[in-house]
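Undergrad: Once you've looked at the hints, dock chain B against the given chain A.
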Amino acid sequence: MTISIRSVEKTFGRYPALNGVSLEIADGELLALLGPSGSGKTTLLRVIAGLEFPDKGQVFYGDEDMTYAGAAARRVGFVFQQYALFRHMTVAKNVAFGLDVRKGPTKPSKKEVAERVDELLRLVELDGLGKRFPAQLSGGQRQRVALARALAVNPSVLLLDEPFGALDATVRKSLRKELRRIHDATGVTTIFVTHDQEEALELADRVAILNQGAIEQVGSPEEVHDEPAGAFVAGFVGEANRFEGEVRGGRFVSGPVELAAGGAPDGKAVAFVRPHELLLSKEGGLSVTAKHVAPQGPIIRLDGVTADGHRVEAAFARQAVEDLRPGAVIGLTIGRAYVFPA
Amino acid sequence: MSRRLRHPTEDPAWAKALVLAVVAVFLAGVLILPMVSVFFEALRKGVPAALEAIGTEDARAAIKLTLLTAAIAVPFNVVFGICASWAVAKYEFPFKPFLITLIDLPFSVSPVVAGLIYVLVFGAQGWFGPWLLDHDIKIIFAVPGIVLATIFVTFPFVARELIPLMQEQGVDEEEASVSMGASGLRTFWSVTAPNIRWGLLYGVLLCNARAMGEFGAVSVVSGHIRGLTNTMPLHVEILYNEYDFVGAFAVAALLCFLAVVTLVLKTVLELVQPQARPGGH
Chain A
1 MTISIRSVEK TFGRYPALNG VSLEIADGEL LALLGPSGSG KTTLLRVIAG LEFPDKGQVF
61 YGDEDMTYAG AAARRVGFVF QQYALFRHMT VAKNVAFGLD VRKGPTKPSK KEVAERVDEL
121 LRLVELDGLG KRFPAQLSGG QRQRVALARA LAVNPSVLLL DEPFGALDAT VRKSLRKELR
181 RIHDATGVTT IFVTHDQEEA LELADRVAIL NQGAIEQVGS PEEVHDEPAG AFVAGFVGEA
241 NRFEGEVRGG RFVSGPVELA AGGAPDGKAV AFVRPHELLL SKEGGLSVTA KHVAPQGPII
301 RLDGVTADGH RVEAAFARQA VEDLRPGAVI GLTIGRAYVF PA
Chain B
1 MSRRLRHPTE DPAWAKALVL AVVAVFLAGV LILPMVSVFF EALRKGVPAA LEAIGTEDAR
61 AAIKLTLLTA AIAVPFNVVF GICASWAVAK YEFPFKPFLI TLIDLPFSVS PVVAGLIYVL
121 VFGAQGWFGP WLLDHDIKII FAVPGIVLAT IFVTFPFVAR ELIPLMQEQG VDEEEASVSM
181 GASGLRTFWS VTAPNIRWGL LYGVLLCNAR AMGEFGAVSV VSGHIRGLTN TMPLHVEILY
241 NEYDFVGAFA VAALLCFLAV VTLVLKTVLE LVQPQARPGG H
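Chains as they are written, first to last, in the numbering used here: chain A, 1 to 342; chain B, 1 to 281.
Looking at chain A on its own, in the form it has when it is part of the complex:
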């Protein structure tokens, strides 16, 4: 199901949660809504789900205007942040709920329901746990039950609110792969909300980055990381050194830092440089005093200070560096930089 969000606005009291958001989600896509807390990403997800109605704008499912249709009419599968499993029902009953509440000719037989539940529990690798209650499961297992329950109704779109937020790091990693696998197996259009960029970049086909109720950029993980559309995205996605300065005549200057301004107009500006875009140079460049050096697998991370006291972080390939110790003064040239008007 393609989903099209057109100029959606939503206010809670006097606080605007969404300011004219437009977004197209392709059929079968796995999309991440990424943003800091309060950016409106959960509100957007709930507007897509029909758990919240927008004040202005429209939500289309395919060609159908679903702006004011309820969640059930949209046939969404929603996975809540705290899973919202029915605590007095067994796992099997939880998964079957969406089928059990059907009425009339669409109501499946008991046997069909049981088969579907078995199939889903196998899909999320919980076969054999159907008779347990949610309280008897681990966090990761509950998450899988919530996923199976949401998929039971053959949803047109699967929506997940911070799906891995309540889990510890190891479970989180394995469930991430799991979600990718399930998405590929079912092919259902999937949208998930997260504040964890690593999660979004690793898992999603495309990432929509929200800030203060507006979409800053939509693109593939590579695009949002390597071609940030603005200062917010450049600072939010991936690590970056931030320099505040001024553009004059096509050059960005901030103290000892000087680099090509790209297309940025003259005036106050900020520049972002990824740690790995700071390159060791034998002659000249930006002079930096090493404060802290930490090897990290194949790379070496450096915390340093420029002559005017600006902190910089750099990362070098291990082979490129010999004997770098705190206190050493090194020269750095700046590779790729992103410059935006401030």
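Here are some chain B residues the structure puts well away from chain A; computed CB gaps all over 10 Å:
{"no.": "1", "residue": "60"}
{"no.": "2", "residue": "78"}
{"no.": "3", "residue": "86"}
{"no.": "4", "residue": "89"}
Simulated coverage check for chain A against chain B, where a stretch passes if three residues somewhere in it have a Cβ under 8 Å from a Cβ of chain B:
{"no.": "5", "stretch": "62-72"}
{"no.": "6", "stretch": "96-107"}
Hints are computed from structural coordinates only; laboratory data are not their basis. No residue lacks a Cβ here, since even glycine has one placed at the ideal position from N, Cα and C.
TA: What follows is chain B alone, placed relative to chain A:
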């Protein structure tokens, strides 16, 4: 000399003993002794005399009226309590704290005042008095007044029990249910009701105990007409004032017995359902 090492945050033995002793003395003096004396006095002239006192026509009428009052007040409470806690926990609206305070009002108002309010509103000299008189509807000094007064003093019980419970549970499960296509009614019966049933039952038991035992508010609106508008607590007072101690204590013992049964039920419920934690009042 060997000494057991106590935990750093544990109180010394003498302090524990002192605290426990204070509790025990108060319980014994204020609760247990009077309770025992009620049964002792009731049975002073033997079991038959006590049974006879309970079996008189007036006593039976009082028991019936008490049960009737509870049978009306408790279901009313359940409906009101569920609606109020649903509204507070699941909806956003202005004046919510005010509503919660209002629900607590019967706990802070003297029951006698509660009774008087109804006399002022529905009594012969009250606001609606003449109109009620014209239409031959009796509220004050009749059963409806007693039921109204009982409802007034008991209406926080179920709501106070359910509001924190429902607030803690939030709306996620209901939203999940609705998003999967369940109707509002289906959602209530399949999702909400099972989640609140223990809290509800707990509230009902407390409400029932209070409904059967209420004296002050009922006393004001009852008119003390024997065999007609006397509840058990009022009947106890009448018998006592007539120096019929065995009768008074026999009915009182029956009331105590009902209260104890209620509390035993409550304790059993807590044992079989560990999640049914005591909350509110």
